[in-house]
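In order, the protein sequences belong to chains D and E. Be aware that the first sequence starts at -1, since it is given in the numbering used here, and climbs by one per residue. Be aware that the second sequence starts at -1, since it is given in the numbering used here, and climbs by one per residue.
Quick caveat, the hints were computed from the structure, so don't treat them as lab data. Since no wrong hints were added, every one of them can be taken at face value.
Covered by chain E, according to a simulated footprint, are these stretches of chain D (three or more residues, beta-carbon under 8 angstroms):
1) 187 to 197
2) 202 to 216
3) 265 to 277
4) 370 to 378
From the structure, some residues in chain E lie toward chain D, with a derived Cβ separation under 10 angstroms:
5) R209
6) M224
7) V239
8) H375
Even for Gly, the Cβ is constructed at its ideal location relative to N, Cα and C.
2 protein chains.
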Amino acid sequence: MPVIDPRRFLADLEELSSIGRFKTGVSRPTFSAADQQARAWLANRLHAAGLRAVIDGIGNVIGCSPGAGPKLLLGSHIESQPEAGRLDGALGLLMGLEVARALRDDPDCAGLGVDVAAWADEEAYYGSFLGSRSFIGELTEAEMDSAVHRTDGTPLRTALREAGYSGPRATVEQGRHLGYLEAHVEQGDYLEQAGHRIGIVTGIVGSWQYRVIAYGQQNHAGTTRMAARKDAGLALAKLIVAIDQQFPKVAGARSVWTVGRVVLEPGAPSVIPGRAELSFQFRDADIAVLQRMGAAFDDLIAEANRGPCAIETIRLSQTRPALMAENLLANLEVAAELHAPARHTRMPSAAGHDAQILSRAMPAAMLFVPSIGGISHHWSEDTHCDDMVLGTQILADSVAAILRA
Amino acid sequence: MPVIDPRRFLADLEELSSIGRFKTGVSRPTFSAADQQARAWLANRLHAAGLRAVIDGIGNVIGCSPGAGPKLLLGSHIESQPEAGRLDGALGLLMGLEVARALRDDPDCAGLGVDVAAWADEEAYYGSFLGSRSFIGELTEAEMDSAVHRTDGTPLRTALREAGYSGPRATVEQGRHLGYLEAHVEQGDYLEQAGHRIGIVTGIVGSWQYRVIAYGQQNHAGTTRMAARKDAGLALAKLIVAIDQQFPKVAGARSVWTVGRVVLEPGAPSVIPGRAELSFQFRDADIAVLQRMGAAFDDLIAEANRGPCAIETIRLSQTRPALMAENLLANLEVAAELHAPARHTRMPSAAGHDAQILSRAMPAAMLFVPSIGGISHHWSEDTHCDDMVLGTQILADSVAAILRA
Chain D
-1 MPVIDPRRFL ADLEELSSIG RFKTGVSRPT FSAADQQARA WLANRLHAAG
49 LRAVIDGIGN VIGCSPGAGP KLLLGSHIES QPEAGRLDGA LGLLMGLEVA
99 RALRDDPDCA GLGVDVAAWA DEEAYYGSFL GSRSFIGELT EAEMDSAVHR
149 TDGTPLRTAL REAGYSGPRA TVEQGRHLGY LEAHVEQGDY LEQAGHRIGI
199 VTGIVGSWQY RVIAYGQQNH AGTTRMAARK DAGLALAKLI VAIDQQFPKV
249 AGARSVWTVG RVVLEPGAPS VIPGRAELSF QFRDADIAVL QRMGAAFDDL
299 IAEANRGPCA IETIRLSQTR PALMAENLLA NLEVAAELHA PARHTRMPSA
349 AGHDAQILSR AMPAAMLFVP SIGGISHHWS EDTHCDDMVL GTQILADSVA
399 AILRA
Chain E
-1 MPVIDPRRFL ADLEELSSIG RFKTGVSRPT FSAADQQARA WLANRLHAAG
49 LRAVIDGIGN VIGCSPGAGP KLLLGSHIES QPEAGRLDGA LGLLMGLEVA
99 RALRDDPDCA GLGVDVAAWA DEEAYYGSFL GSRSFIGELT EAEMDSAVHR
149 TDGTPLRTAL REAGYSGPRA TVEQGRHLGY LEAHVEQGDY LEQAGHRIGI
199 VTGIVGSWQY RVIAYGQQNH AGTTRMAARK DAGLALAKLI VAIDQQFPKV
249 AGARSVWTVG RVVLEPGAPS VIPGRAELSF QFRDADIAVL QRMGAAFDDL
299 IAEANRGPCA IETIRLSQTR PALMAENLLA NLEVAAELHA PARHTRMPSA
349 AGHDAQILSR AMPAAMLFVP SIGGISHHWS EDTHCDDMVL GTQILADSVA
399 AILRA
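Whenever a hint applies, use it, and build me the whole structure from the sequences.
Right, dumping it as structure tokens:
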């Protein structure tokens, strides 16, 4: 099996982390100066690892193995959330880069090749999974024409032109890839809490999102008798508590559900809320569980409508769960058991990743390493070095095993 | 007993309603041009009714009976909320004005006198009950120096100077008044729902107000397991529902309690709220009931603190309930039973009124007439004409009976 070089891998991590550094993390928004510098750095590193590297017309950095025969595609993303961690995305790319070098350096691995890709804008500054969707052929020119930066409004076309990303967009080459593997930090604390060092991702959750509006009767908080009230805020509080009580009965072991936003109108201390609104979402990797939660939610809304307020529900989105490919998972599991016996587990990913997009075009799987304290999207995000090294070696073993199968 | 003149009374109402008219209501914010015009109009009407009328240094319009002997003080307020009803405040003044004329016109009532006062700024544009507090000696020069308009910031002193209200401030003349009577629209729907035409106000509620803050842990709504969450929004939703379940057990029959404001932070659909805040208040006319509700609330906060979030409570205010004087209530009740047999009831006032201030200086009582649909602080506020006329006659009867006692 190919043997990775931890010093080389960690030195790369230190170098990439210096680009756009913010405290102990980085700030590399998509197509910012720091992000462009990071893409150029990665292209150079891929080139130095023996891959033919390009930055394509959507900003994807893709390094292709020059050899013949089937390959595996390894990838993740290189931009970051503002003032966020240095590992989210970057770690998976550096692990892929190191695996490419380990294969190249091992005479026993001659003929085993990987391509390594940084998918542009996984962090959704300009849209939803633009880079990976472009690669599998799901990003239209029309969508690119209309895409703008989420806060400063810069058109995507302008940002690409100014960055010099003017070439054709790379696409799936039929028959080239046996599959896609993405390593990533967990961004939650499940592995850490369970004492595991490796997560083998069985699927990426689907997410159902709703907006709920309660229509009551705005009135004087002093003179309006309790029996005469139609308190829209109370109606939604009851719904939130009912969800908290009922969802555990229908949810899966790793389902999550969240009310992240509540607005009362007019929102004054002495006025009974006449209108209230909340945002609700739930996630699971199993479509049957999602459907069960959806039915339970519908029941709770029907129940809420028997109160004094009318309750309206707007379904915002229903993303499909993405299933990872069993043959890839099995290979990851063999390598994990070899290097971290009994300290790995199968688990769903509760966050979205490019792997959910790639899984529509080829077999895909993901490998998680633990996030210390479960922290992510914050500059204090971190993972123990030995876990990062362990994950890289397991990825290398798995790649070789899959390519030899 | 003095007999009121409904046509004269309703003609005055029509004339006063034309000052600052807005749709079927009025817009007469304190010391606005329309409000100044209304004060001048009222002073003239009081003068024409045989009273010595002045506008004092806080804008109170006070008409004093010139005769000797004890008097009753009748009053309410003349300014309105923006784009609000024509009756809130104004009705009580016009009823007082008509009672003064009815006494004057009835030879049997010779020597029975009333003073009529419009207390400035009951609607709290510049402060809290400025006019009536000034009259009972509770408004300091320092408070007047610092008072500014709640939205445009105009200093109270500037507004008074520009309106020409530069005289001394009127104060209680010891021994002059047997008591204070205020007639008002109910501003709720209790009388209407119960089929009553007159409410005899036993007390004005005290109000206890709180701000509650829940401190949780802001985190990713996808990757954070349910068991690991500290959801500040959920903590407050549970508190709201617990209040809804527990307060009926300790509240009085006419207690009210309200959560009018809820804010979640950061308030994004995919982020578990790390901090949440609400405004809570309850009101009752009985201090023992307020104390019971306060204790129940403290218990619920203690219970909430056993959850994953820390709950902080800030007590904003605790106003005292004001008890109305039994001898005045008994006289109102006799007159009500004569003119509206079995269609009157004793009740607390759930809204604040100048009577709660005057009750600190002399016996005080209030009379309510029904609000159609319970609507107030809106231009569509209304009361049936025959109820207004009925209330005026009952007030006249009561005044004569009290003055003769």
